[in-house]
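Engineer: If you want the building blocks of each chain, they are given just below.
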Amino acid sequence: MQFPLVFGLDTFGDMTHDADDHPLSHAQTIRNVVEQGVFADQVGVDFFGIGEHHTDDFPMPAADVVLAAIAARTPRIRVGSAVTVLSSDDPVRVFQRYSTLNAISNGRAEVILGRGSSIDSFPLFGYDLADYEVLFEEKVNLFAELRKGGPVTWQGKTRASLTNQDVVPHTEFGPFPVWIGVGGSPQSVVRAAHYGFALMLAIIGGSPARFIPFSRLFQEALDKFGQPPLPVGVHSPGHVAETDEKAREDFWPRYLQVIRHVAETRGFAIPTRESFMYEVGPQGALYVGSPETVAQKIAANLTALGASRFDLKYGMGGLSHEALMRNIELYGAQVIPRVRALLGVRS
Amino acid sequence: MTGVALSPRPLPRLAVLGAGHVGPVIARIAIDAGFHVTIAASGSPEQIALITQVLIPGAEPRWAADAVENAGIVVLAMPLHKFATFDPALVAGKIVVDAMNYWPPADGAQEMLEDRRYSSSEIVQRRLANSTVIKTLNHIGYHDLEDGRRPAGSPERLAIGVASDDPRAAQVVEEVIDRLGYDTVRLDSLRAGRLLEPGGPVFGALLGRAAFNIAMHAKAA
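Sequence order for the protein chains is Z and S. Sequential numbering of the first sequence, starting at 1, is according to our numbering. Sequential numbering of the second sequence, starting at 348, is according to our numbering.
Don't read these hints as lab results, they were simulated from the structure. Beta carbons: idealized from backbone N, C-alpha and C, even for Gly. Some hints could be false.
Below, computed lysine to aspartate or glutamate pairings styled on DMTMM-like, alpha-carbon distance capped at 25 Å [to be verified]:
#	chain 1	residue 1	chain 2	residue 2
1	Z	Lys224	S	Glu407
2	Z	Lys224	Z	Glu133
3	Z	Lys148	Z	Glu172
4	S	Lys429	Z	Asp120
5	Z	Lys157	S	Glu458
6	Z	Lys246	Z	Asp57
7	Z	Lys157	Z	Asp89
8	S	Lys441	S	Asp525
9	S	Lys429	Z	Asp131
10	S	Lys429	Z	Asp57
11	Z	Lys148	Z	Asp166
12	S	Lys429	Z	Glu133
13	S	Lys429	S	Glu458
14	S	Lys441	S	Asp513
15	Z	Lys157	S	Asp454
16	S	Lys429	Z	Asp128
17	S	Lys429	Z	Asp89
18	S	Lys429	Z	Glu137
19	S	Lys441	S	Glu416
20	Z	Lys157	Z	Asp128
21	Z	Lys224	S	Glu393
Computed list of chain S residues with no C-beta within reach of chain Z, every gap over 10 Å [as the list claims (entries may be wrong)]:
#	residue
22	Pro392
23	Gly405
24	Glu416
25	Arg504
26	Asp512
27	Arg515
28	Ala516
29	Val519
30	Arg533
Work the whole structure out from these sequences, hints included.
Structural biologist: Shown next, in the form of structure tokens:
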């Protein structure tokens, strides 16, 4: 394998419940995410990502602030967004925040850029959803310029121009890693390759195998644009517990409730027990089960997709902080070493 | 089984307009099913050449005007907000499959489509006054569309709704969909096609024909 294997955890700051199944406050949820990130470092996870969200059940709009707190308390784990909704943000600000995080963490920052499949930030910040494509295209373009370091000259329709502008803080060890999160748009795959950004495949439902052509498209596009090889990653939801049964019984009622809640805005069908069992099976997108089950599935899909990075989106609204901590422990202590062993044997 | 063809007719040529999430999937399964397929995005063929070559080998990338020229069926798989500036003359006289969805929570509201007395496809039909609009392929997730294909008669075969004001054109499209690997359920007007829209009883669901009918009638009742 061309790139070292990297294993991450992603959270959207999903609302957690206490022992009596009551929701915790936003403030407590955020403090718990800090603890989860610190714990992930301790159990050997390589990356901790936070996805920007702006709703009551995902109170996580300022991922970089939370990541900075984690960075300040950890020596090793990489920290990044998963994703930054760049379309409704200012690329200069995003660059500044993440190069600051990079400074705080001694070069451990990453950014995963997305167009945003949760689009709550558009009305919140006064953007028009009809401008979805042009906003992302232009802002990725500017972000790519900023990331190179050095003075930036840029012109576009979506923000003020820059002329020979020095943007601080300068990064210490060269550009930090940038990925583009892709859910299903081939043009986003080509765009990532064009700018020399790595590719993060967000596979949240259905067969991971259908993304194999995207991985190939990315390689072909990198060649076409004369870019160096870059890694492919996979982001998928899941939950690890001691046994398959426990993981499913923990996860299923919460998953049903969350998907039911977002179904209308996101166009998801309400899952059935049958569709859920398909998703947790070998052909589906959910990594729910014992460490062995989850490790086998990760190994199989990384191989199929030619990917070297796996980020498990852990947590599901309503699960407890304690269940999430146990998930993190099992993922770090058992799943990651097992996947490494499985892939080591195969390669 | 849908219509019974007595003599083999040449397959209609398909033009897919849109190279985002949905268009390439429809194009790919159509190539697989033996159709001749052209595809166009909003820009030049060069911009989608690589996508076509890797994801839809066999399809021909074109400018939109060239893509539709010899096509019997044009599939609109672009975001609906782009449809507002789409030139109706491009598809005059054609059967047009409307695979688009009006989905304000995800895509923002649009004045043209905000008149809730009409289904989105009725509004599309009104703009494409010289075309015959069929609403279909919109309610199944683009990721499911590829995996869900099954041969005719398979007990696992899924159903796709086909809504139209024109029964003959609907039948042409139903034969295409059958060949793609799906049963069809006819809705006898674009107005009734509202049942296929986001928030409707079959949107995003994976249902065989019997369950599909039950879901629609439960809602309509």
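Engineer: Which numbered hints does this structure break?
Structural biologist: Per hint list: single violation, 10.
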